[in-house]
Amino acid sequence: MSFVNYHTKEINCKIVYYGPGLGGKTTNIQHVYQRTTAGSKGQMVTLNTENERTLFFDFLPLDLGTIRGFKTRFHLYTVPGQVFYEASRKLVLRGVDGVVFVADSQVERMEDNIESFNGLKRNLEDQGYDMEKLPIVMQWNKRDLPNTISVQDLESKLNKKDFPSFESTATTGEGVFETLKMISKLVLLNIKGGLES
Amino acid sequence: MNLNKIIKHFFMENDYHLMAAKTAVVRSDGIVLFSNSNSFEESSSIGALVGGLWQAASSLNSIVSSKEKELDFRLSFDTSNQGIYILPININKKEFYICAIYSEVDNPALLKRNLRNLKSNLENFLSDFNFKKIESREEFLFSNITDEEMDNLFSFSRY
Chain A
0 MSFVNYHTKE INCKIVYYGP GLGGKTTNIQ HVYQRTTAGS KGQMVTLNTE
50 NERTLFFDFL PLDLGTIRGF KTRFHLYTVP GQVFYEASRK LVLRGVDGVV
100 FVADSQVERM EDNIESFNGL KRNLEDQGYD MEKLPIVMQW NKRDLPNTIS
150 VQDLESKLNK KDFPSFESTA TTGEGVFETL KMISKLVLLN IKGGLES
Chain B
0 MNLNKIIKHF FMENDYHLMA AKTAVVRSDG IVLFSNSNSF EESSSIGALV
50 GGLWQAASSL NSIVSSKEKE LDFRLSFDTS NQGIYILPIN INKKEFYICA
100 IYSEVDNPAL LKRNLRNLKS NLENFLSDFN FKKIESREEF LFSNITDEEM
150 DNLFSFSRY
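Sequence order for the protein chains is A and B. Per numbering that gives the first Met the number 0, residue 0 is the first one in the first sequence, and the count goes up by one each step. Per numbering that gives the first Met the number 0, residue 0 is the first one in the second sequence, and the count goes up by one each step.
Any given hint could turn out to be false.
[Unchecked claim] Taking beta-carbon pairs under 10 Å as the criterion, some of the chain B residues facing chain A (in silico):
1) L2
2) N3
3) G29
4) N35
5) N37
6) S42
7) A47
8) L48
9) L110
10) N113
11) E138
12) L152
Note that these hints are calculated values from the structure, not bench results. Glycine included, C-beta positions come from ideal geometry on N, C-alpha and C.
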């Protein structure tokens with residue numbers, strides 16, 4: 000849940016990158032880390048397995064600028080994508096303010112995308128979230144690969160609720176900041192509180 | 000005075016911030032309310048890791064016990080002279096965590112006891128404050144945000 004401190008004029012928000020294993024969630028965050036100036040980012044924390052797969056979460060704190068007098072801080076997390084880490088995914092989703100669903104565009108990964116998206120839906124519902132009200136952005140990643148499914152098919156199979164979506168190639172950074180910017184905007188617009196007079 | 004300032008005042012007034020190499024008070028979602036680290040990077044990492052660590056430990060415990068806990072848990076990860084000690088702390092009916100990360104300590108048991116005392120003292124100290132009930136606000140903080148404002152917000156990036 001976002002944390003608005005009216006005294007220090009600070010907003011803290013949590014964004015979780017969710018999606019199937021090897022879909023590019025960590026690569027998204029790594030790109031943000033690499034392309035962010037030193038004063039605006041914190042240390043990137045990764046809890047990995049021996050073979051560099053996410054074990055619990057990746058974490059990157061971003062100290063953004065000020066919007067209407069409020070200093071904004073975004074905490075970016077990824078979940079582990081591998082199927083057997085369901086318990087960890089549930090934990091990372093606690094207190095989430097916005098989700099980026101990173102889908103793997105390769106044809107052979109479609110079933111994994113669907114399974115992961117259904118898992119997201121189930122885990123959010125278990126924690127009392129309403130998917131209709133939570134900011135969610137879809138990212139169609141790995142668009143540079145030759146065996147990709149069409150964006151139209153991805154939209155029809157994964158994006159029935161018509162969430163904003165972006166094509167991306169996280170390895171080169173294409174679409175990464177566009178996605179982050181959109182989810183950040185939706186999260187900020189979703190914060191309830193009202194400006195104090 | 001807001002909660003962050005009150006807690007900071009409490010720590011500074013009693014030199015509690017010197018009790019371990021790193022001391023922090025963290026919300027359950029990893030947001031830091033107080034840390035004796037001067038680095039934003041470091042305190043953010045401490046917050047995320049302490050929150051995650053506690054949640055993971057609670058989930059592990061729920062595998063063997065679904066009963067309502069009768070006593071507060073304590074989370075300890077240590078050798079005979081260094082480690083981490085985390086305690087839950089109840090502030091305004093919400094659970095937070097107070098943590099000490101220490102190294103080269105001759106008497107870790109004493110440090111742990113001090114942290115438990117600190118937790119009690121902080122709870123008592125905060126109970127004297129009459130926190131206003133935060134009314135749930137239904138209106139949105141921002142009614143609209145322009146693309147220009149978002150561009151400004153992301154001016155830190157070199158993409």
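Status of the hints after comparison with the structure:
1. L2: holds, 9 Å
2. N3: With Cβ-Cβ at 7 Å, under 10 Å, it holds.
3. G29: holds, 7 Å
4. N35: The hint is violated - B/N35 has no Cβ within 10 Å of chain A, the shortest such distance being about 17 Å.
5. N37: Violated, because the Cβ-Cβ distance from B/N37 to chain A comes to roughly 13 Å (cut-off 10 Å).
6. S42: holds, 8 Å
7. A47: With a minimum Cβ separation of about 4 Å from chain A (threshold 10 Å), the hint on B/A47 holds.
8. L48: At about 7 Å, which falls below the 10 Å cut-off, the nearest Cβ of chain A leaves the hint on B/L48 intact, so it holds.
9. L110: violated, 25 Å
10. N113: Interface hint status for B/N113: violated (28 Å vs cutoff 10 Å).
11. E138: With Cβ-Cβ at 4 Å, under 10 Å, it holds.
12. L152: Nearest chain A Cβ about 5 Å off; hint holds.
Violation of the numbered hints given earlier is confined to hints 4, 5, 9, 10; the remaining hints are satisfied by the structure.
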